[in-house]
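Residue numbers (this note's numbering), protein chains in the order written: chain S, 3 to 365; chain G, 3 to 365; chain D, 3 to 365; chain W, 3 to 365.
Where hints are given, some of them may not hold.
Capping the alpha-carbon separation at 25 Å, the derived lysine to any residue pairs in SDA-like fashion look like this [as the list claims (entries may be wrong)]:
(1) Lys272(D) - Glu310(W)
(2) Lys324(W) - Arg276(D)
(3) Lys145(S) - Ile362(D)
(4) Lys66(G) - Asn89(D)
(5) Lys272(W) - Arg322(D)
(6) Lys324(D) - Ser68(G)
(7) Lys201(W) - Glu260(D)
(8) Lys51(D) - Asn55(W)
(9) Lys66(D) - Ser68(G)
For each label pair, taking beta carbons as the anchor points, the in silico distance ranges come out as [as the list claims (entries may be wrong)]:
(10) Ala318(S) - His88(W): 38 to 44 Å
(11) Lys324(G) - His88(D): 34 to 40 Å
(12) Ile153(W) - Ala318(S): 47 to 53 Å
(13) Ala41(W) - Val168(G): 54 to 60 Å
(14) Cys39(S) - His88(G): 56 to 62 Å
(15) Ser64(D) - Gly151(G): 45 to 51 Å
(16) Ala315(D) - Ala41(W): 48 to 54 Å
(17) Lys324(G) - Gly274(S): 23 to 29 Å
(18) Ser64(G) - His88(D): 17 to 23 Å
(19) Glu40(S) - Glu40(W): 25 to 31 Å
Treat the hints as calculated values from the structure; they're not laboratory data.
Cβ atoms here follow ideal geometry from the backbone N, Cα and C, with glycine treated the same way.
Spelled out from the first residue to the last, the chains are:
There are 4 protein chains.
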Amino acid sequence: MTWNSFGRIFRCTTWGESHGVAIGCVVDGVPSQLSLCEADIQQFLDQRKPAQNKYTTQRKESDKVSILSGVFDGVTTGTPIALMIHNEDQRSKDYGEIAQSFRPGHADYTYHAKYGVRDYRGGGRSSARETAMRVAAGAIARKVLAPYGIIIRACMVQMGEHKIDVARFDWNACSHNPFWCPDSVMAQQWEDYLDGIRKDGSSVGAIIEVHAEHVPVGWGAPIYAKLDADLAAAFMSINAVKAVEIGDGFASAALRGEQNADEMFYTEGKVGFRSNHAGGILGGISTGQTITARFAVKPTSSILTHVESITSAGEAMQLRTKGRHDPCVGIRAVPVAEAMMACVLADHALLARSYGHPIIPTL
Amino acid sequence: MTWNSFGRIFRCTTWGESHGVAIGCVVDGVPSQLSLCEADIQQFLDQRKPAQNKYTTQRKESDKVSILSGVFDGVTTGTPIALMIHNEDQRSKDYGEIAQSFRPGHADYTYHAKYGVRDYRGGGRSSARETAMRVAAGAIARKVLAPYGIIIRACMVQMGEHKIDVARFDWNACSHNPFWCPDSVMAQQWEDYLDGIRKDGSSVGAIIEVHAEHVPVGWGAPIYAKLDADLAAAFMSINAVKAVEIGDGFASAALRGEQNADEMFYTEGKVGFRSNHAGGILGGISTGQTITARFAVKPTSSILTHVESITSAGEAMQLRTKGRHDPCVGIRAVPVAEAMMACVLADHALLARSYGHPIIPTL
Amino acid sequence: MTWNSFGRIFRCTTWGESHGVAIGCVVDGVPSQLSLCEADIQQFLDQRKPAQNKYTTQRKESDKVSILSGVFDGVTTGTPIALMIHNEDQRSKDYGEIAQSFRPGHADYTYHAKYGVRDYRGGGRSSARETAMRVAAGAIARKVLAPYGIIIRACMVQMGEHKIDVARFDWNACSHNPFWCPDSVMAQQWEDYLDGIRKDGSSVGAIIEVHAEHVPVGWGAPIYAKLDADLAAAFMSINAVKAVEIGDGFASAALRGEQNADEMFYTEGKVGFRSNHAGGILGGISTGQTITARFAVKPTSSILTHVESITSAGEAMQLRTKGRHDPCVGIRAVPVAEAMMACVLADHALLARSYGHPIIPTL
Amino acid sequence: MTWNSFGRIFRCTTWGESHGVAIGCVVDGVPSQLSLCEADIQQFLDQRKPAQNKYTTQRKESDKVSILSGVFDGVTTGTPIALMIHNEDQRSKDYGEIAQSFRPGHADYTYHAKYGVRDYRGGGRSSARETAMRVAAGAIARKVLAPYGIIIRACMVQMGEHKIDVARFDWNACSHNPFWCPDSVMAQQWEDYLDGIRKDGSSVGAIIEVHAEHVPVGWGAPIYAKLDADLAAAFMSINAVKAVEIGDGFASAALRGEQNADEMFYTEGKVGFRSNHAGGILGGISTGQTITARFAVKPTSSILTHVESITSAGEAMQLRTKGRHDPCVGIRAVPVAEAMMACVLADHALLARSYGHPIIPTL
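Same shape as in the complex, but just chain S:
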């Protein structure tokens, strides 16, 4: 395996397995003289932490982060910032059966075939636990973005077959339910729904939406580091994600040119748009509008239901995963979505600066 790093200038390398000694990351490319302490990072990790309610895995992890380098007297020094979280609740005995067989829908089989060996405990490197370090890196990315006044926030807009009602969309609702749901009516329905899924020992997928407001016009690097291409890779690299869209996304296929055109006008010397079908990105470059993206998270493959599978010894078997798992891992993907958006934008912020872009901040 290689490529446990992402980003070009703001660059993050993650390491660690679900049930190893620790997980960690190295965040390279952070400008100097930014104030940074562990609490700045911890607040975001706490949002992603498991076992905060009955709707997420009951694994108890305090996810207490340590800064091991790159910060001196409370500010970044420009050197690489190493972060580490010790693994605590490693109930590895739960994973006996998985050692010799493959969970359908999980990376067990592909890791086995590729590497010939795998740390089967808790999914090892393919565990959602890796995303904790993305959240930590995202906290540092937000420091890089702070001067721009960018607001990044994500929410869950669909759980299983149940979509929110867009008319009721309210960012303020997100913090008042355990699902980061912007529709408080739907959030109530989800409680019963997910409780049922959980009791069945099953799991369910979700759709996450993430916005970045106040991104300056002119960020992005065509052709092959387009802002949307980087976001697509960033979100698709999150475990269990199977789809990504920007702006109208798949719905734009059904539109005609005049419907899709975000008409432009001037207002008080600035450029305005009548709509945002493009999701704030044209030609791979930010337009200055809110960047909007959505991604789909498939249901967790670790379920109590018996499914047909095989062992590495060549036998057929019926598999049932007994460990502690997330009935809807999409919930914990919400802070991860924000973090990946922050990391991609921080990278492009630094890149844009290197070229002196945008040339024309406001037209």
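With chain S held as given, fit chains G, D and W onto it using these hints.
Relative to the frame of chain S, chains G, D and W by itself:
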């Protein structure tokens, strides 16, 4: 701008503007001793060529490719392969108005704001013309993949609001209609539909589906160069693409764990799967099943309809784009889809070899 | 082969063989709105051009460069700049014997063993001809550096066993002799010396020195993209280069700490240094002093003298290379030295800008 | 700062400051199923450890390494391997004066000017301590190289003005003196010499030579990842290194073509060479001969002698560095030299495999 390159080991760098002297690319990382001639590449370029029927732009381009380096006595030498296509039909006078104003939904404004200058003729670097070089690189990628017996093919499964009927899906149908449509009944309907769009001076979006059969198990590089993350970036980097999904994609959000699990079994000493919700990729690594992906192409922003816009001089205006354009640029995205799949797979084929992966070709 | 590119943000990809159709490069990452025309590049290519006098190869190449993309209305657009030079005087028949045998000291054997095939005509990709594109890229790099008032110049300080007298060092002398020699007395001796080498059908090595004045303090990216590490790689990547040193280089091994320390003082509110043993780089970062580097070029391996060698068919033979060659290829390495210095500095200029460095331009 | 990583496929990222909590690295790209334990790494760290005799700094560091990820049941899993060493003897009070002033010849000033802040304790990130993680990574690289039977070893061939006598060169001598000196007679002289330097509170430079035997023909990636260019960057990135040469290096400038040619012959069906002026690399590709390189280490800038310097507050001052330092830091560079050679070769071993190179292992 930077990052006009993609790929890690099999690496392609493209250059050129729609109405410049020429467009070209450098394909680096090609193993030596592969047979290669211009005709090998030309056949794929001919599939993408404009003006083949009334449904694509009437710009006449023979798109004749030259190999300038890296091939000697009919075989690759391991040195970089430079390809070039001269631009022929550069009717630049069509673009006068665009020079001073911005097409809503196009990259005109973002390029202008980012760079302070742009080659407005035909969209310059943001033109779909850039994709010709992806198709050329894809032809070379197929040479790298040849020993594996991989079959790559793409088709259009939705035009505007009209989706194909999956029950009628037939790859053989694709070459018998001008839309690469696998549903011959729907293809007929699309003729009238797109003719209407064209006559209206409008445009329409589309959804493209691409398959790669017989990809070995064990290709892909978790965590940040997952096969699906690389595909997402590759497709999203194509002009006008706004969404990408792998396997069940967005539909997987609505599934429960037991529905999404692709159950496994042994058959004649090999691993088999009862379904392919995963689209052939788990944990970022190929499963050995057919890799399936879809992406959405938005409608071309160059339309004859008047839309509200602005000039770079600070005036409001009504814009109408008179040049020759594609009523459904998705049609020409089909060969591009195949090419990007081929390039990503070629890159991962070489990467997998460097590690001696897969360890266990068949379990 | 891969990695025909160098640079991180200011990034150059070269292609082409000595006796192919053409050679070229793509320069990516160039900021927009820099004035650029072919003459800006041609002036530097003319310095490196062969057959300018009897001391370089008699191959006649006008080395006329074309800009194929990335420039519009006389300024860079921020898109990749493709450059191309057609090969003219390809007297390939000279190379018949080389096709089946290996010149000792040349890359013939290693290319053959690595790739199993090679374009033997004129050394193919391993020819010094590739360096023309470095010179072209260097001309663009100088445009990036122009606002900083940086002066880059190189000279030859040793030819064979004959070193210049440092006491006679005068940059102005360089343009008055065919060797870029800063010591006009030594330049005269070299004329006879090299004439003798040439008539013997032999060749001789050289040492090139390159300076960059007025580089701001604070450029460079420790630890693994140190300015000196990047320069070392850049110079060592030039054909025939076998050694690189910065500042006192190998001589610093013989110094004691107090001898090597470049003492510091203030003068008119600025930092001054009593000496420059460090060659303008400390900790991989520029000090604001003149950056000084030297590299050694080995003698051309293509000589008329018979040397013991082998054929690819497994036979011993005596080899004698009849083509037109440089008796001292170091001469033509002088403009290449300047170009590589310019490219490395342009890359670090853009990088430094991305971080807002230096924080303290003058202390 | 960014680029705290090196290598393309076998890729190492280091982090940590001299007097921070810990130092560490992440080694990415390691193939799976290699046996690896902490003792495999520790043995090499012990060679570099300070305070092993009176000739190195008296800082007491056990340099005990921990493997935090990437190894399971005693073998590598293909996931990133995180290594960490806790810092123990951080006598930071020694560094009070350095906080406000700049050691001439040290990176104090450049870091200050670049970042506006620095961890002055023990040199922070610019400390030789960073090289411990290179040695650790090198131990893993050796595991990758094990199947090839490659022997890597380094020695010190010059200390200050005193060079070894090449006629007395004996690898076996190296382990019998505290200097890794291959000339046992010279080693005795160095003892007195360095003792004098040490008592004077001064320091002295050195030259290190490193060999890699049995490297297969065909490793290396022209043009810009030539094996020698990569080695040059790798060695030049080591703190205090100012010069690098391959094979005859600077001496090759004085040679004529026929002297420099390593004549070739066949012996028992294999290719042989009459000499090795090239240092085992031609055209950036290994020839199959022993790879030989040398680099110069300047004298440590931390000395007890007073030197003229300045404070960051704008005052002139006389500086004298009181901490514990290496009178000849070149001694501890010897294991680092081996490690960097191993890392570069491991990277190229994996790269070569990806292309199926060499095509012709023995001609």
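Evaluated hints:
Our distance criterion of 25 Å between C-alpha atoms is met by Lys272(D) and Glu310(W), whose separation comes to about 15 Å. Pair hint Lys324(W) plus Arg276(D) holds up; C-alpha atoms about 23 Å apart against a cutoff of 25 Å. Taking the CA atoms of Lys145(S) and Ile362(D), the gap is about 21 Å. The hint holds against a cut of 25 Å. A distance of roughly 21 Å separates the Cα atoms of Lys66(G) and Asn89(D); the hinted pair therefore holds under the 25 Å criterion.
As the CA atoms of Lys272(W) and Arg322(D) are separated by approximately 22 Å, the hinted pair is consistent with the 25 Å bound. At most 25 Å may separate the alpha-carbon atoms for a hinted pair to count; Lys324(D) and Ser68(G) exceed this at roughly 32 Å. Of the supplied pair hints, the one linking Lys201(W) and Glu260(D) holds, its CA atoms being roughly 14 Å apart against a limit of 25 Å. Using a Cα cut-off of 25 Å, the hinted pair Lys51(D) and Asn55(W) is violated, with the two alpha carbons roughly 57 Å apart.
For the suggested pair Lys66(D) and Ser68(G), the alpha carbons sit about 20 Å apart, so the restraint of at most 25 Å is met. A hinted range of 38 to 44 Å for the beta carbons of Ala318(S) and His88(W) is inconsistent with their spacing of about 49 Å. In this structure the hint that Lys324(G) and His88(D) lie 34 to 40 Å apart at CB holds, the actual value being about 37 Å. Our hint of 47 to 53 Å for Ile153(W) and Ala318(S) holds, since their Cβ atoms are close to 49 Å apart.
Separation of Ala41(W) from Val168(G) is about 59 Å and conforms to the stated range, judged on CB atoms against 54 to 60 Å. For Cys39(S) and His88(G), the hinted distance range of 56 to 62 Å is satisfied, since their beta carbons lie about 59 Å from each other. At roughly 48 Å, the beta carbons of Ser64(D) and Gly151(G) sit within the given window of 45 to 51 Å. Evaluation of the 48 to 54 Å hint for Ala315(D) and Ala41(W) yields a pass: the beta carbon distance comes to about 50 Å.
Separated by about 25 Å at the C-beta atoms, Lys324(G) and Gly274(S) satisfy the suggested range of 23 to 29 Å. Checked against the hint of 17 to 23 Å, the C-beta distance between Ser64(G) and His88(D) comes to roughly 21 Å, which is consistent with it. Take Glu40(S) and Glu40(W): their Cβ atoms lie about 28 Å apart, and the range 25 to 31 Å holds.
Against the hints set out earlier in the document, violations occur for numbers 6, 8, 10.
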